[in-house]
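**Student:** Protein chains in written order, with my numbering: chain A, 1 to 357; chain B, 1 to 262.
If you are wondering where the hints come from, they were derived from the structure by calculation, not from laboratory data.
Heads up, some of the hints might be wrong.
[What the hints assert, rightly or not] The calculated lysine-lysine pairs, modelled on PhoX-like cross-linking and capped at a C-alpha distance of 25 Å, are: (1) A:LYS71 to A:LYS316; (2) A:LYS316 to A:LYS346; (3) B:LYS137 to A:LYS131; (4) A:LYS131 to B:LYS172; (5) A:LYS32 to A:LYS2.
[As the list claims (entries may be wrong)] Incomplete in silico selection of chain B near chain A, CB under 10 Å: (6) PRO35; (7) PRO61; (8) PRO68; (9) SER70; (10) ARG134; (11) VAL135; (12) VAL181; (13) GLY184; (14) THR223; (15) ILE226; (16) SER227.
Here a beta-carbon is modelled for each residue, glycine too, at the ideal position from N, C-alpha and C.
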Amino acid sequence: MKFGILFELSVPRPFQPVNEKMVFDNSLEQAKYADELGFDSLWCVEHHFMEEYSHCSCPDMFLSACAVLTKNIRLGFGIATCVPEMSHAARLAERGAFLDVLSGGRVEFGTGRSSTWVELGGFGADIDSTKESWDEYVRTIPKMWTQERFSHDGVSFSMPERAVVPSPEQDPHPPMWVAVTAPGTEIDAAERGMGCLCLFIGNLEKNKARFQKYRDIIADCEPVGATVNNQIATMNWMYCDRDNELAVQRGQEFVDTFSSMAAQPIEISQAFPSLNYSAIGLLGGLRADPDAGSGKKAAPEGLCVGTPENIVATIKEYEEAGVDQMVFMINARELLQQEEVLASMKMFAEEVMPHFK
Amino acid sequence: MSSTKNTIGGHMVGECDYSKITPRVNVDKNLDLEPFVLENVDIHVGQFEARMDDALQVLPPSLQPTIPASISIAFYRSRESAFGPYQWLSIGVGCRCGVKPHNLMLRNYCTNTDLAKHLSTYYGFEFTSADQIRVDKGYHAVESSLVVEGKTQMRMKSVKHMMLPGASAILKYPSPLHHVVYDGNQGLLRLDMGYEFQASSRGTLSLGDCDDEFFPGIGISPTHAISATYSEKVTVGIIQPRYLLDVEKLPSEGGIQKVHEL
C-alpha cells in the first residue's frame with residue numbers, strides 16, 4: 001500500500017492575502033514534510049472559481065514549487081481537466097512533461113473533465129462533449145510525449161504538425177490516471193490501461209466488485225499510452241492521534257467542513273441536465289443528508305481517523321479490497337492548526353506506514 | 001516556515017434580516033395530510049445565474065447561496081386536476097441546506113384560486129394573483145409568460161430542445177422553501193416535491209421582454225441563462241412537510257426542527 005496527500009488549497013473567508021498566503025505556505029510545508037517522512041505521492045486538484053472550496057486554479061505552479069522543495073515524493077495532477085475551453089490538449093502535455101523534467105521524473109498524470117456548472121459554465125464549455133474530449137485528450141497526450149512531432153485532426157481539437165516540447169523525463173512517459181466518481185468510469189479507465197483515482201470514500205463491500213472488474217478488464221486492455229498503469233488509488237481523510245475520541249471528533253469536523261463547502265457550488269446535474277453527467281458527483285455525495293434532520297452529514301464509514309492501531313485496521317480493509325494507494329486530505333479551510341496537521345502526519349508515518357512496507 | 005495564526009471566517013450565508021419580515025402565510029399543520037398528487041403536469045423551468053450580492057440580500061442567514069448565485073423560474077400547467085385546470089409560476093433563489101438543491105421561494109402566481117388556497121394552507125405557498133400564465137409549446141420553441149393587471153411582466157423562451165431519456169435519473173428540480181408561520185412557529189418550511197417524468201427535454205434558454213420593475217421588485221434579477229427544461233405529463237407529488245428551518249441558524253448548527261415523522 002502506498003500513501004499520498006491531496007491538496008485542495010481550500011481558503012477560509014475572508015479572502016485576504018494573509019489567508020491565501022497562509023494556506024499556500026502551510027501546504028508547501030506539508031508537502032516538504034511529507035517527502036521527508038516517506039509519503040509516496042502528493043496530488044493537487046485543478047479547480048476554478050470554487051470560492052473557499054479550492055483556490056487551486058494553477059496546479060502546475062503549485063506542483064512546480066513542490067518539485068523544488070522535495071526530492072523523492074511523486075507529484076500528481078489530481079486532475080488535469082481535459083476540456084478544450086479550459087486547456088488545449090497540447091498545453092496539458094506541455095505542463096505534464098515540463099514538471100516531469102523539473103522534478104527529475106516524478107509526475108503522475110491524473111485526468112478528468114470537471115462536474116460543476118461553476119467551472120464548466122464559467123469557461124463556456126460544451127458540457128455534452130466533455131466525455132468525448134477527455135477520451136480524445138488521453139489518446140493524444142501520450143503521443144505528444146513520445147513522438148518527435150505530432151499532428152492531429154480531431155473533434156475537440158486539431159493541430160498541424162508540431163514538436164510538443166519538452167519531452168517528459170520518464171520513459172516512456174508519466175503514468176496516467178483518470179478520476180473515478182460515477183459508476184462505469186472505472187471501466188473506462190481499465191479499457192484504456194489507466195489508473196483509477198477513486199473520488200469516493202467507504203462502501204468498500206460495494207466497491208470491491210468494481211475494483212475486481214477493473215482488474216479483469218485492464219489485464220486485457222488496449223492502452224491509450226505506451227504503458228499500462230494498473231493501480232487503484234482512493235481518497236480519504238486522515239487524522240492520527242493517540243486520543244481516539246479526539247481523532248474521531250476531528251474526523252467529523254472534517255466531514256462537516258467539507259459538507260458545508262461542497263454544498264454551495266452548483267453541479268452540472270443540478271443546472272444543466274446532461275446524459276454526460278448522470279451521477280450526483282463527488283460534491284453532491286459530500287453534502288449533508290436532509291432526511292437526517294440534523295442537517296449534518298454523518299461521517300462515512302472507512303475514514304482514516306483515530307489511533308494508529310485503528311487506522312492500520314481500516315487501511316488493511318482497503319488493502320484487502322484491492323486498493324493500491326490511499327490519498328489523504330489532511331486539512332480543510334485551515335480547520336486544524338498547522339502544528340496539529342504536521343503532528344498527525346508524523347504519527348502516521350512512524351506508526352502506521354511501517355505496517356505496510 | 002512557521003504557521004500563522006488562523007483568521008477563519010464563516011461561510012457565505014444570506015444577509016437579509018428576516019426578523020423584520022412577517023410571514024403572510026399561516027400553514028395549517030394537518031398531520032393526516034395524504035400526499036398531494038398532481039398528474040399530467042407540463043413543466044417549463046428556466047435556470048439562470050444571478051448576482052451574488054443580490055442573492056445575499058434576499059436569503060436569510062440560515063441559508064447558503066449557490067455558487068454561482070442562481071434563480072429558478074418554473075411554470076406549471078395542467079388542463080385537469082381535482083381543482084380544475086390551472087397554471088402556476090414559482091420563482092425562487094437557489095440555496096443550500098443539504099444534499100438536494102433548494103429554492104427559497106420569492107414569488108408565486110396561480111390562476112386557480114382553489115388550488116392556490118390548498119397549496120397555501122398546507123404547504124406554505126404565498127400566491128399573488130395573475131391574469132394569465134401561459135406555457136406555449138411549439139415545434140420550434142417553448143414560450144412561457146406572466147400577465148398581471150393587464151401587463152406582461154415576464155417572458156421566458158427556450159429553443160433547440162434535445163430529449164433527455166431517463167429524465168428521472170438526471171433531472172433534479174429544486175425543492176421549495178417557504179417563509180411561513182407553521183404551527184405557531186416562524187420559519188422556512190421545507191417541502192419534499194417528487195417528480196415522475198414521462199418525456200423531458202433540455203433547451204437553450206433566454207429571457208424575453210420583462211417589465212422594468214418585475215425582477216427589481218423581487219429583489220434579484222437573472223443575469224445569465226444556464227438552461228431550460230420542458231417536461232410533459234409529469235406526476236408531481238408533495239408529501240406532508242417534515243422540516244422547519246430557522247431563519248437565523250444554519251441547519252448544521254441546530255437550525256432545523258423535525259415537525260412531522262413519516
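**Student:** Given the hinted pair LYS131 (chain A) and LYS172 (chain B), is their alpha-carbon gap at most 25 Å?
**Tutor:** This hinted pair holds, its Cα atoms lying about 21 Å apart.
**Student:** For the pair we were handed, LYS316 (chain A) and LYS346 (chain A), check the Cα-Cα distance against 25 Å.
**Tutor:** This hinted pair holds, its Cα atoms lying about 20 Å apart.
**Student:** Does PRO35 (chain B) hold up as a contact with chain A if the rule is Cβ-Cβ below 10 Å?
**Tutor:** With a closest approach of 16 Å, the PRO35 (chain B) hint is violated.
**Student:** Compare the distance between the alpha carbons of LYS71 (chain A) and LYS316 (chain A) with 25 Å, and conclude whether the hinted pair is satisfied.
**Tutor:** Roughly 28 Å between the alpha carbons, so the hint for LYS71 (chain A) and LYS316 (chain A) is violated.
**Student:** So, PRO68 (chain B) near chain A? Judge it on the closest CB pair being under 10 Å.
**Tutor:** Check passed: Cβ of PRO68 (chain B) comes within 6 Å of chain A, closer than 10 Å.
**Student:** With 10 Å as the cut and Cβ atoms as the points, is PRO61 (chain B) at the interface with chain A?
**Tutor:** Constraint on PRO61 (chain B) not satisfied, violated at 14 Å.
**Student:** Let me know if the C-beta of VAL135 (chain B) comes in closer than 10 Å to any C-beta of chain A, holds or violated.
**Tutor:** This interface hint is violated because 19 Å lies over the 10 Å limit.
**Student:** Identify whether the interface hint at SER227 (chain B) stands, where standing means a beta carbon of chain A within less than 10 Å of its own.
**Tutor:** OK, holds: SER227 (chain B) within 10 Å of chain A, min 5 Å.
**Student:** Does THR223 (chain B) pass the interface hint, meaning its C-beta sits closer than 10 Å to a C-beta of chain A?
**Tutor:** At about 12 Å, which exceeds the 10 Å cut-off, the nearest Cβ of chain A leaves the hint on THR223 (chain B) violated.
**Student:** Measure nothing beyond the straight line between the CA atoms of LYS32 (chain A) and LYS2 (chain A); if it is 25 Å or shorter, mark the hint as holding.
**Tutor:** 17 Å, holds
**Student:** Run the distance test for LYS137 (chain B) versus LYS131 (chain A): straight-line Cα separation, threshold 25 Å.
**Tutor:** Roughly 31 Å between the alpha carbons, so the hint for LYS137 (chain B) and LYS131 (chain A) is violated.
**Student:** Would the stated hint for ARG134 (chain B) survive a check requiring a Cβ distance to chain A of less than 10 Å?
**Tutor:** 24 Å, violated
Consistency note: the structure conflicts with the earlier hints numbered 1, 3, 6, 7, 10, 11, 12, 13, 14.
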